[in-house]
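Enquirer: Listed below are the residues making up each chain.
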Amino acid sequence: MNVAIIRFPGTNCEFDTQYAFERLGAKTQIVWHKEEELPKKCDLVVLPGGFSYGDYLRSGAIARFSPIMKAVGEFAKKGGYVLGICNGFQILLESHLLPGAMKRNENLHFISKFQYIKVIDNDNKFLSATNKGDILNIPIAHAEGNYYVEQNRLKRMYDQGQVILQYCDAQGAYDNPNGSVDAIAGIANETKNVFGLMPHPERACEGVLRSEDGLRMLEGFFH
Amino acid sequence: MKAIVNIYLKEGVLDPQGKAVHHALGSLGFREVEDVRVGKQIILKLRDGLSDQEAKEEVEQMCEKLLANTVIEDYDIELVR
Chain A
88 MNVAIIRFPG TNCEFDTQYA FERLGAKTQI VWHKEEELPK KCDLVVLPGG FSYGDYLRSG
148 AIARFSPIMK AVGEFAKKGG YVLGICNGFQ ILLESHLLPG AMKRNENLHF ISKFQYIKVI
208 DNDNKFLSAT NKGDILNIPI AHAEGNYYVE QNRLKRMYDQ GQVILQYCDA QGAYDNPNGS
268 VDAIAGIANE TKNVFGLMPH PERACEGVLR SEDGLRMLEG FFH
Chain B
32 MKAIVNIYLK EGVLDPQGKA VHHALGSLGF REVEDVRVGK QIILKLRDGL SDQEAKEEVE
92 QMCEKLLANT VIEDYDIELV R
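Protein chains in written order, with this note's numbering: chain A, 88 to 310; chain B, 32 to 112.
Calculated from the structure, these hints are not laboratory results.
In this text, all values refer to a predicted model and were calculated from it rather than measured experimentally.
One or more hints might be untrue.
[Unchecked claim] Computed, partial: chain A to chain B, Cβ under 10 Å:
1) K121
2) I149
3) E181
4) L241
[To be verified] Example chain B residues on the side facing chain A (calculated, C-beta under 7 Å, incomplete):
5) A55
6) G57
7) L59
8) N100
9) V102
Built from N, CA and C at the ideal position, the CB exists for glycine as well.
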């Protein structure tokens with residue numbers, strides 16, 4: 088399992104992401120955004136969290152035009168697996184590799200806390216190590232995680248199993264920290280090879296961090 | 032020539048900033064405000080010699096590609112000589 092982790096100016100979760108994937112036994116490589124090609128051996132591309140280009144204009148709006156993103160787009164079109172975490176998710180939305188867009192959190196605050204999320208659909212590689220309905224405890228840390236997609240598109244996304252994670256409380260009941268449509272925390276593209284989520288699974292990868300649930304999520308890519 | 036680009040969240044897309052500002056205006060006693068939309072303005076200085084038509088087309092391209100996210104945002108362009 089070879090994982091390429093893309094680093095943009097302002098990325099700050101690349102080492103946590105590397106640590107989590109290496110705990111699972113992957114070989115990782117951090118790739119600078121100015122590169123034009125991905126490593127030859129690459130089973131998964133991860134766009135990690137952070138504040139690429141200082142979140143100027145809109146989160147992810149400028150990173151989307153980094154040279155490496157052309158290669159990431161081609162990799163995704165050929166069916167390669169791509170995972171965007173937090174700012175990485177925002178970059179995938181701005182790149183139109185995933186549907187919808189992000190707005191400022193409803194309460195306008197930067198929210199940083201542990202948050203329960205529920206697996207809505209596990210019929211995809213990413214969440215294949217989890218069960219439908221599983222409740223996971225994963226940190227969130229964002230100011231622009233208020234996911235928006237128009238209603239018709241949303242319906243199609245449900246039909247195609249693209250809505251994969253929703254925020255919830257410890258019992259699995261509705262909870263919506265940031266105002267996202269249907270409390271959506273994570274989605275997939277139509278072909279189920281590109282994934283984005285606001286929560287940070289890499290920050291929940293060993294007991295001392297209060298949760299190992301993140302490993303259960305990332306493990307899917309190893310199956 | 033300058034191009035002034037105004038970008039707003041689309042009608043029907045809830046604007047959290049606008050809502051907060053509306054609320055604050057209400058608590059200050061400004062009761063006549065019915066709705067607030069917060070947008071951003073981008074001012075571009077363009078090279079001389081462009082026709083209005085050329086400038087408008089170029090700036091439209093910029094909006095579609097980068098300046099606005101047309102999934103959630105609308106924009107308008109004003110040219111000032």
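Enquirer: Taking the numbered hints from earlier one at a time, note which ones the structure violates and give those numbers from smallest to largest.
Expert: 1, 4, 5, 6 and 7
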